[in-house]
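Peer 1: Numbering of the sequence shown is given in UniProt numbering, commencing with residue 1 and proceeding in unit increments.
Read the hints as simulated data drawn from the structure, not as lab findings.
Note that the structure is predicted; figures quoted are calculated from it, not measured.
Backbone N, C-alpha and C define an ideal beta-carbon position, used for all residues, glycine too.
Wrong hints could be hidden among the right ones.
Calculated lysine-lysine pairs in the DSSO-like style (CA-CA distance at most 30 Å, straight line) [what the hints assert, rightly or not]:
hint, residue 1, residue 2
1, 288, 304
2, 342, 288
3, 342, 304
Derived Cβ-Cβ restraints for the label pairs, each shown as a range [said to hold, decoys possible]:
hint, residue 1, residue 2, range
4, 493, 565, 26 to 32 Å
5, 79, 317, 44 to 50 Å
6, 113, 83, 17 to 23 Å
7, 484, 113, 18 to 24 Å
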Amino acid sequence: MRMAELQAALQAGMADRPHDQGLFAEARERDRWQRIATAPEYRAMWQEVCDGAARYRERPIKVLPYSLFRLFRESGSRVEYETEYFEHRDRLNLFALRTLAEDADEDRRALEDTIWAICDEYTWCLPAHLGESPAAGTGQGLVRHEAGILRETLRPQERMLDLFAAETAFTLAEIVSLLAERLAPAVVLRARSAILQRVIEPYGGGLAPAAWWETTRMNWAAVCAGSIGAAALYLIEDPAILAPLLQRVLATLDCYLDGFGRDGASTEGIGYWSYGFGFYTYFAALLKQRTAGRIDLLRDERVKPIALFQQQCYLTGNAVVSFSDTNLTQRYLPGLGHYLQKIFPEVLLPEPEFQARLSDDYSAHRWAHAVRNLVWHNPEAVYGLTPTHTVYLPDAAWFIAKQATAAGTFCFAAKGGHNDEPHNHNDLGSFLLHVNGDDLLADPGSGQYTRQYFGAERYDYVCTSSRGHSVPIIDGQLQKPGREHAARIVGVQTGPDRDMLRMELAPAYGNASLRSLLRQFTFEKHPELRLILRDEFVLEQPPAAIVERLVSLLEPRLRGAGIIELEGLRSRALIRYDPQTMQPAVRWEQFIAHSSETRTVYLIDFALAPSQARVVAELEIRLAGERR
Numbered sequence: 001m002r003m004a005e006l007q008a009a010l011q012a013g014m015a016d017r018p019h020d021q022g023l024f025a026e027a028r029e030r031d032r033w034q035r036i037a038t039a040p041e042y043r044a045m046w047q048e049v050c051d052g053a054a055r056y057r058e059r060p061i062k063v064l065p066y067s068l069f070r071l072f073r074e075s076g077s078r079v080e081y082e083t084e085y086f087e088h089r090d091r092l093n094l095f096a097l098r099t100l101a102e103d104a105d106e107d108r109r110a111l112e113d114t115i116w117a118i119c120d121e122y123t124w125c126l127p128a129h130l131g132e133s134p135a136a137g138t139g140q141g142l143v144r145h146e147a148g149i150l151r152e153t154l155r156p157q158e159r160m161l162d163l164f165a166a167e168t169a170f171t172l173a174e175i176v177s178l179l180a181e182r183l184a185p186a187v188v189l190r191a192r193s194a195i196l197q198r199v200i201e202p203y204g205g206g207l208a209p210a211a212w213w214e215t216t217r218m219n220w221a222a223v224c225a226g227s228i229g230a231a232a233l234y235l236i237e238d239p240a241i242l243a244p245l246l247q248r249v250l251a252t253l254d255c256y257l258d259g260f261g262r263d264g265a266s267t268e269g270i271g272y273w274s275y276g277f278g279f280y281t282y283f284a285a286l287l288k289q290r291t292a293g294r295i296d297l298l299r300d301e302r303v304k305p306i307a308l309f310q311q312q313c314y315l316t317g318n319a320v321v322s323f324s325d326t327n328l329t330q331r332y333l334p335g336l337g338h339y340l341q342k343i344f345p346e347v348l349l350p351e352p353e354f355q356a357r358l359s360d361d362y363s364a365h366r367w368a369h370a371v372r373n374l375v376w377h378n379p380e381a382v383y384g385l386t387p388t389h390t391v392y393l394p395d396a397a398w399f400i401a402k403q404a405t406a407a408g409t410f411c412f413a414a415k416g417g418h419n420d421e422p423h424n425h426n427d428l429g430s431f432l433l434h435v436n437g438d439d440l441l442a443d444p445g446s447g448q449y450t451r452q453y454f455g456a457e458r459y460d461y462v463c464t465s466s467r468g469h470s471v472p473i474i475d476g477q478l479q480k481p482g483r484e485h486a487a488r489i490v491g492v493q494t495g496p497d498r499d500m501l502r503m504e505l506a507p508a509y510g511n512a513s514l515r516s517l518l519r520q521f522t523f524e525k526h527p528e529l530r531l532i533l534r535d536e537f538v539l540e541q542p543p544a545a546i547v548e549r550l551v552s553l554l555e556p557r558l559r560g561a562g563i564i565e566l567e568g569l570r571s572r573a574l575i576r577y578d579p580q581t582m583q584p585a586v587r588w589e590q591f592i593a594h595s596s597e598t599r600t601v602y603l604i605d606f607a608l609a610p611s612q613a614r615v616v617a618e619l620e621i622r623l624a625g626e627r628r
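Between the sequences and the hints, there should be enough to build the whole structure, so can you do that?
Peer 2: Okay, here's the thing in structure tokens:
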């Protein structure tokens, strides 16, 4: 968009009221907040707000000490500092919501103290995002010149920008705008000054290199740019000053949309879809209001398929396709879902019982999610997912099939892609099998975030390595990371009785002797449900060993020659194999999941000792009814 057009659109949004008073207008309605605090459809959500605020009233605000700040650099651990950091944000959200609805003195005073404490924080960035620069170690800015030419600029840590510095700016800007008349003027002034000094000025002013996230094609682009843009909409009145900053924001958001194919799939997984696309949508809504409807980012033709991605990822209940750094289950954001459904009626939502709670980690710390879950709640929203469907997402190379029967719902998902995706796992050809709420064969999901998890040791973890996914091991060799290690889809068929997916996986291994590894899934729906996995290996010479590996979160049982049983809480499946050519073995590994729980994965290996250069292996997984 040209600068003049952007300035004109911003000018059109300036009515006779202060520039920020039309922003998030739906949250400025006192009647709406009265309904939120009293109406039955909000009762569960509002009770969480009241209970949380009551707990924090009994606890003093903690400082964020250096002894916790330094732990990430010393040990790689994030949890100690981040627990205290996010407690500040929890307090902020809860007391702001209470003040909007109830306006009690004790809530307002607690909110003012919390805003003051956040302004006292050394930096709004997480230690994990500060990098290894000299400024990261000392907190000092560094500007280096050679022959009068600027060569390097490193900001002080309080002016460095990451996801959470940007979010904090958005949060404070919105809260002090909504409550400016009820908060102490000194608190409002300090918050606005801190936003300008810590975020707006480092982003929009002076000589400094562009941040890496400004041209990336994943969630950081949407969250950082969207949050900074939102904060600027609240704080900057003059269109001539605001427009250049927003042009930069819009360029980054365009990069974010470019990270999606025409199928709208997020290869980062459904959790990061909620995060990134949520903040994209929040900024888009504010910009539309600020420009009196002249700029509507949700009209972009790329947006609708992205908006429909969430519904493809739900299996049964709140279980989701867990590829990449994704949890095994996820509650969805009702505010985002309801808003998108009004714009795109094709958006389908899971039942209300699976909506996000304030205590969920991706809602609790994020004001933008929490407030919109309440304010954007639509009592006329339509719920219910399609119980039987098959979808192939060609750009992401994800295949998801659900088949509802009298005995329950049978879900199968598999992926191709490449091994350099955002939040990558080495998982080409991996698949999962989910039946009636049980993960019979699983993608183990995300591990706990540490320095090592995002460093050189990333693929030492079972959850990110191909050793923790249902893919073959060839001569002891696992899949390798990198864009060149990619799957190639060679066949897709869908139908009422049978689905088929075929892919070439040889490049995933970087094995010079492996000429081809053709993996085929056949999902038979009638007359009975079963999944047939067939792998055809072609090598230059007979391999020393091939292991077909399946991964489950359930402890498998050997049921005689040729049969292994998996039994969940509500379903059972039998894995059938040829005992003449395959030797089964089971072992287990544990890892710490993103939720901080210790998760056990069972590795079911079928060893082959081939004598030929061409090897065919086949496994059949058949639904065996309910738990006995």
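Peer 1: All hints are to be evaluated individually against the structure, with a verdict given for each.
Peer 2: Here is how each hint holds up against the structure:
1. 288 / 304: 17 Å, holds
2. 342 / 288: Roughly 15 Å between the alpha carbons, so the hint for residue 342 and residue 288 holds.
3. 342 / 304: Roughly 12 Å separates the two Cα atoms, so the pair holds.
4. 493 / 565: 26 to 32 Å: With a Cβ separation near 30 Å, residue 493 and residue 565 satisfy 26 to 32 Å, so the hint holds.
5. 79 / 317: 44 to 50 Å: 28 Å, violated
6. 113 / 83: 17 to 23 Å: Holds - the Cβ-Cβ distance for residue 113 and residue 83, about 19 Å, lies within 17 to 23 Å.
7. 484 / 113: 18 to 24 Å: 54 Å Cβ-Cβ, so the 18 to 24 Å window is violated.
When each numbered hint is compared with the structure, violations occur for hints 5, 7.
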